[in-house]
Amino acid sequence: DTAVSQTPKYLVTQMGNDKSIKCEQNLGHDTMYWYKQDSKKFLKIMFSYNNKELIINETVPNRFSPKSPDKAHLNLHINSLELGDSAVYFCASTATGEISGNTIYFGEGSWLTVV
Amino acid sequence: QQPVQSPQAVILREGEDAVINCSSSKALYSVHWYRQKHGEAPVFLMILLKGGEQKGHEKISASFNEKKQQSSLYLTASQLSYSGTYFCGTAINNNDMRFGAGTRLTVKP
Chain A
1 DTAVSQTPKY LVTQMGNDKS IKCEQNLGHD TMYWYKQDSK KFLKIMFSYN
51 NKELIINETV PNRFSPKSPD KAHLNLHINS LELGDSAVYF CASTATGEIS
101 GNTIYFGEGS WLTVV
Chain B
1 QQPVQSPQAV ILREGEDAVI NCSSSKALYS VHWYRQKHGE APVFLMILLK
51 GGEQKGHEKI SASFNEKKQQ SSLYLTASQL SYSGTYFCGT AINNNDMRFG
101 AGTRLTVKP
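Chains as they are written, first to last, in my numbering: chain A, 1 to 115; chain B, 1 to 109.
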């Protein structure tokens with residue numbers, strides 16, 4: 001079983017469209033993240049959620065709206081897509097409060113190309 | 001604020017050693033190291049929690065100086081499989097994990 005799963009893996013869409021990326025984790029974790037990795041490979045935090053509550057919103061444009069229906073899911077909806085949104089989007093999760101530390105588990109990534 | 005990693009890139013021959021450094025301006029809860037191969041997700045290597053802690057993973061080890069908020073990743077007797085981009089991740093609390101810009105490591109035969 002995949003621990004953190006994202007869909008779709010590849011997405012090619014036109015400028016101005018609206019698209020969603022879904023993420024689910026079956027690890028029982030309580031914190032989930034969205035990271036954006038651009039062509040320069042920089043892994044930039046976008047959002048973090050803990051038990052469905054937004055913890056971090058890292059100056060992401062309003063066109064990006066995360067939604068966490070429960071602690072196992074964190075979806076990302078993007079409105080009015082722009083060329084600069086082309087990137088790999090990684091979902092990740094972790095369990096807070098573990099004595100051994102909060103190891104982060106990444107999904108396989110969603111490759112978004114805006115044309 | 002994301003940590004600062006250095007160097008940006010390293011090229012090694014098999015069997016050579018390398019050190020990758022990571023520093024933060026904030027007091028850290030933990031430091032994580034990940035390796036990412038091209039086209040794949042980052043993979044966890046190790047986590048360091050306490051000041052002065054050192055850990056090893058085969059021929060890859062790391063240290064964390066809590067006073068200086070610095071961590072170093074040591075790769076000894078490098079193998080071709082070590083090639084990839086190494087990221088340090090720093091956490092100031094349980095819900096805030098930020099990554100450095102990455103260090104691209106290339107190991108050549």
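The reader is advised that the hints may include incorrect statements.
[What the hints assert, rightly or not] Think about it this way: if two alpha-carbon atoms lie no more than 25 Å apart in a straight line, the pair counts; the simulated DSS-like pairs of lysine-lysine are:
1. K37(B) / K40(A)
2. K9(A) / K44(A)
3. K108(B) / K44(A)
4. K52(A) / K9(A)
5. K67(B) / K40(A)
6. K67(B) / K41(A)
7. K59(B) / K44(A)
8. K9(A) / K37(B)
9. K71(A) / K40(A)
10. K108(B) / K59(B)
11. K36(A) / K68(B)
12. K26(B) / K36(A)
13. K36(A) / K19(A)
14. K22(A) / K37(B)
15. K52(A) / K40(A)
16. K108(B) / K22(A)
17. K44(A) / K71(A)
18. K36(A) / K22(A)
19. K41(A) / K37(B)
20. K67(A) / K44(A)
21. K44(A) / K26(B)
22. K19(A) / K9(A)
23. K67(A) / K36(A)
24. K71(A) / K22(A)
Worth flagging that the hints you see were computed from the coordinates, not collected in a lab.
These numbers come from a predicted model, not from an experiment.
Give me the numbers of the hints this structure contradicts, sorted from smallest to largest. The structure breaks hints 3, 5, 6, 7, 9, 11, 15 and 16; every other hint is satisfied.
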